[in-house]
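Engineer: The whole structure should be built from the sequences, with the hints applied where relevant.
For reference, the chains in residue letters:
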Amino acid sequence: MRRWAAALLSVLLLSGCRDERIIEKIGFIRTIAYDTTKDEGENSESGNLRVTVSIPKTNQKDTIQYSTVAKTGKQARLIFDRQNDRRLVSGQLRQVLFTTDIARRGVWSEVNSLLRDPGVGMRIHLLIVESDPERLLAAKFTQDNTAGDYIDHLVRTETRTTDIPDTNMHIFARDYYDDGIEPVMSILQQTPNSIRVGGIGLFRGDRYVGKIEAADKVYFGVLRGKVQTGEVFIDFPDDGYSSQYASLHYFTSRRKIRIERAGPMEDGQGLRVRIQIKLRGSLLEYRGGLQLEHPKEQKKLEGEIAGYFRQKCEETIRRMQELHSDAIGIGQRVRDTMSYRDWRNLDWDEAFSKARIEVQVNADIRSYGSIQ
Amino acid sequence: MKEKLNWFHIALLVHMFELDTTVFSQSRVLAENIGTNAWAALIPLSAIASMNLLLYLWLYRIGGGQSVYRLMHAVIPKPLLYPVYLALAGFWIYIGGLTGKNFILISQMFALYSTNPMAIYLLYCGMVFALLTKGLYAIVKATTVFFFMFIWVNALVPYFATEWSVHRLTPYLFQGAEHGLSLHGLAESYVIFAGYEFCLFLFPYTDKKSKLFKGVFLGHWVITLLYTNSVLLAFGFFSFEEVQELQFPLISTLEYLELPFLNRPENLVFTFFIYPNLISSVLFGFAALTALREVFSRAKGKWLEGAIVIAMFLSGYAVTTLIQSELLIRNAKFIEIGLAFAMPAALIPIAYIARRKGAGKGA
Numbered sequence: 001m002r003r004w005a006a007a008l009l010s011v012l013l014l015s016g017c018r019d020e021r022i023i024e025k026i027g028f029i030r031t032i033a034y035d036t037t038k039d040e041g042e043n044s045e046s047g048n049l050r051v052t053v054s055i056p057k058t059n060q061k062d063t064i065q066y067s068t069v070a071k072t073g074k075q076a077r078l079i080f081d082r083q084n085d086r087r088l089v090s091g092q093l094r095q096v097l098f099t100t101d102i103a104r105r106g107v108w109s110e111v112n113s114l115l116r117d118p119g120v121g122m123r124i125h126l127l128i129v130e131s132d133p134e135r136l137l138a139a140k141f142t143q144d145n146t147a148g149d150y151i152d153h154l155v156r157t158e159t160r161t162t163d164i165p166d167t168n169m170h171i172f173a174r175d176y177y178d179d180g181i182e183p184v185m186s187i188l189q190q191t192p193n194s195i196r197v198g199g200i201g202l203f204r205g206d207r208y209v210g211k212i213e214a215a216d217k218v219y220f221g222v223l224r225g226k227v228q229t230g231e232v233f234i235d236f237p238d239d240g241y242s243s244q245y246a247s248l249h250y251f252t253s254r255r256k257i258r259i260e261r262a263g264p265m266e267d268g269q270g271l272r273v274r275i276q277i278k279l280r281g282s283l284l285e286y287r288g289g290l291q292l293e294h295p296k297e298q299k300k301l302e303g304e305i306a307g308y309f310r311q312k313c314e315e316t317i318r319r320m321q322e323l324h325s326d327a328i329g330i331g332q333r334v335r336d337t338m339s340y341r342d343w344r345n346l347d348w349d350e351a352f353s354k355a356r357i358e359v360q361v362n363a364d365i366r367s368y369g370s371i372q
Numbered sequence: 001m002k003e004k005l006n007w008f009h010i011a012l013l014v015h016m017f018e019l020d021t022t023v024f025s026q027s028r029v030l031a032e033n034i035g036t037n038a039w040a041a042l043i044p045l046s047a048i049a050s051m052n053l054l055l056y057l058w059l060y061r062i063g064g065g066q067s068v069y070r071l072m073h074a075v076i077p078k079p080l081l082y083p084v085y086l087a088l089a090g091f092w093i094y095i096g097g098l099t100g101k102n103f104i105l106i107s108q109m110f111a112l113y114s115t116n117p118m119a120i121y122l123l124y125c126g127m128v129f130a131l132l133t134k135g136l137y138a139i140v141k142a143t144t145v146f147f148f149m150f151i152w153v154n155a156l157v158p159y160f161a162t163e164w165s166v167h168r169l170t171p172y173l174f175q176g177a178e179h180g181l182s183l184h185g186l187a188e189s190y191v192i193f194a195g196y197e198f199c200l201f202l203f204p205y206t207d208k209k210s211k212l213f214k215g216v217f218l219g220h221w222v223i224t225l226l227y228t229n230s231v232l233l234a235f236g237f238f239s240f241e242e243v244q245e246l247q248f249p250l251i252s253t254l255e256y257l258e259l260p261f262l263n264r265p266e267n268l269v270f271t272f273f274i275y276p277n278l279i280s281s282v283l284f285g286f287a288a289l290t291a292l293r294e295v296f297s298r299a300k301g302k303w304l305e306g307a308i309v310i311a312m313f314l315s316g317y318a319v320t321t322l323i324q325s326e327l328l329i330r331n332a333k334f335i336e337i338g339l340a341f342a343m344p345a346a347l348i349p350i351a352y353i354a355r356r357k358g359a360g361k362g363a
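Chains B and Z supply the protein sequences, listed in that same order.
Using full-length UniProt numbering, read the first sequence as starting at 1 and increasing by one per residue.
Using full-length UniProt numbering, read the second sequence as starting at 1 and increasing by one per residue.
It is worth saying that the hints were derived from the structure and are not from the lab.
Honestly, I wouldn't trust all of these hints.
Partial list, computed: chain B residues near chain Z (C-beta under 10 Å) [stated by the list, open to error]:
(1) Val69
(2) Val120
(3) His170
(4) Ser339
Since this is a predicted model, take the numbers as computed values, not measurements.
Glycine residues also receive a C-beta, built at the ideal position from the N, C-alpha and C atoms.
Structural biologist: Structural data, given as structure tokens:
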């Protein structure tokens with residue numbers, strides 16, 4: 001009896017070997033890029049996409065790249081499967097790139113099919129590229145073996161150590177569904193020998209509507225949430241400041257949002273928002289007229305940094321208001337102060353664009369480096 | 001002296017029995033049927049289950065801890081009860097089978113995509129058979145081991161803290177349910193607690209020292225807290241509208257896990273959910289076994305257990321798609337909840353009559 005049972009069990013267990021995935025016979029897609037078809041551009045009526053995938057070879061130094069025109073990413077994958085000698089899988093997909101044209105058309109149908117696919121992880125990065133994705137993925141960079149690895153490491157390092165929001169698929173989808181915040185994507189640009197973060201893409205629903213420039217991403221970062229180890233170079237304007245330049249490193253930031261409501265909000269008059277930001281960091285570079293060994297002058301510098309930060313943050317907010325894109329989640333806080341019915345009836349995009357939003361910054365310099 | 005169960009093991013048993021595949025979709029089911037901050041509804045829903053459990057406690061006291069079958073036989077002629085036993089056993093086998101097949105179908109979303117699900121399910125049924133034939137004490141021992149192999153999954157909750165926000169919970173209580181608050185919606189949310197009624201079959205395995213109901217209540221409230229924790233996590237980790245859209249919010253949460261040396265460990269973590277699921281199938285099988293033993297009291301060896309597992313396996317053929325499986329499980333759980341309330345309601349009067357009869361004989 002036991003022998004029979006053992007034999008039956010082995011047959012059953014061995015049946016699992018039928019559904020095998022041999023690593024050498026699989027093509028792991030590292031990057032998918034969506035672009036408009038060259039002749040149709042942003043206002044395409046056919047809805048066709050130009051889809052490019054990049055698959056690292058087993059030597060991890062070279063890549064195989066395929067590109068085709070298709071209705072959706074999944075249809076494109078079937079076409080690539082007909083060309084590739086290995087079965088394509090998306091379990092190791094790390095980033096999905098959208099060109100600005102595609103992003104302006106709306107990205108949700110593609111994000112939706114990525115979310116639906118259990119093989120695709122929630123941590124893949126969704127990014128906008130301002131360059132031709134086919135050229136970007138085919139390019140050789142000295143920083144990493146493949147463009148896909150380079151982008152992955154770049155985005156991870158930037159989000160972990162500096163101020164850009166982590167725009168992985170979970171966070172994008174979460175903010176897309178949430179009616180109190182708009183999603184964002186980091187923007188990448190190709191330079192002759194590198195890829196760089198070119199700013200933050202602002203969305204209204206799933207449509208890309210405009211960007212925060214790379215130089216201002218730090219202000220967006222502190223407005224959106226906590227920054228753990230930020231770095232900022234401040235180029236003080238000539239008027240009203242005694243300092244010329246200052247670099248604040250390893251700064252942390254905290255924000256508090258206070259909502260004051262004093263009437264109907266649709267016209268923006270009834271809503272007043274105060275954002276309080278606390279900064280604390282080390283000054284590692286300074287040029288200007290202040291004598292930093294004197295506590296009084298240190299206070300003055302802190303005041304100048306705070307004033308400059310406030311001005312830049314308010315400019316960043318005005319930019320978001322112009323684009324009707326509440327990417328820092330003020331809506332979530334306003335929602336906290338309203339009844340369910342009032343919130344549902346409120347056109348938040350409109351109210352946000354007209355709201356009076358003030359920023360207060362408190363800067364605290366933790367240390368002044370090794371010289372006085 | 002015959003070994004008796006201990007309250008601690010009973011608590012683990014109830015905990016593991018209540019936990020099954022419904023936990024994966026639980027947050028969505030609550031968001032769809034109850035709305036915003038639906039996690040708060042779990043406490044009153046669990047309190048209803050506790051009131052239901054008080055009926056079982058009442059029954060236990062009146063019946064003096066006797067097996068419910070003995071109580072019924074004292075009042076109703078056995079042959080009249082056989083069809084009821086057979087129907088109940090059939091239902092429990094069916095629901096145990098559905099629970100197992102549902103788990104296999106969900107797991108095939110991530111692995112072994114092209115293997116015949118019935119082949120994997122056959123292995124699952126093999127494990128059910130192995131546990132069922134060893135009797136309740138062995139099941140309890142296995143449950144204890146499985147519990148400790150599984151419970152650590154809850155320790156992953158702080159991992160998601162950085163992406164959790166209280167503002168995503170919204171300040172609204174029970175708003176935005178897809179069809180408004182309804183009795184049907186509440187019942188659909190309540191099904192996650194199905195399983196506590198199993199304490200009925202533990203009566204003969206306990207004595208006063210066992211503190212049966214201490215264990216049952218403890219197991220039930222621990223799972224309530226863990227459920228609340230898991231739903232609260234989902235509501236602050238995803239946005240409310242997103243929770244309503246995600247098929248299995250718990251699995252989507254696990255997909256966010258990442259270790260420095262390992263990408264996508266969710267498949268590994270998911271595998272551990274087989275333990276509570278297996279225990280649920282085994283205990284449904286055990287409930288069916290107790291009923292069938294009354295009908296086929298002369299059956300020898302492991303024939304009944306074998307028949308139950310074969311029937312459980314065959315019931316797996318009833319479902320081939322995940323949607324169908326989720327729907328059938330939900331409907332079966334509705335019946336199970338009906339039974340959970342109906343059984344003590346029917347048995348308490350029977351127990352009173354049996355006690356009076358017993359007293360009459362004694363006089």
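Engineer: Each hint needs a verdict: does it hold in this structure or not?
Structural biologist: Here's how the hints hold up against the structure:
Taking 10 Å as the C-beta contact cut-off toward chain Z, the hint placing Val69 (chain B) at the interface is violated, the least distance being around 28 Å. Given hint, Val120 (chain B) at the interface with chain Z, holds; its Cβ is 9 Å from that chain's nearest Cβ, closer than 10 Å. For the restraint placing His170 (chain B) at the interface with chain Z, the shortest Cβ-Cβ distance is roughly 6 Å, inside the 10 Å limit, so the hint holds. A hinted interface residue such as Ser339 (chain B) counts as satisfied when its beta carbon comes closer than 10 Å to some beta carbon of chain Z; here the least separation is about 8 Å, so the hint holds.
Checked against the numbered hints given earlier, this structure breaks only hint 1.
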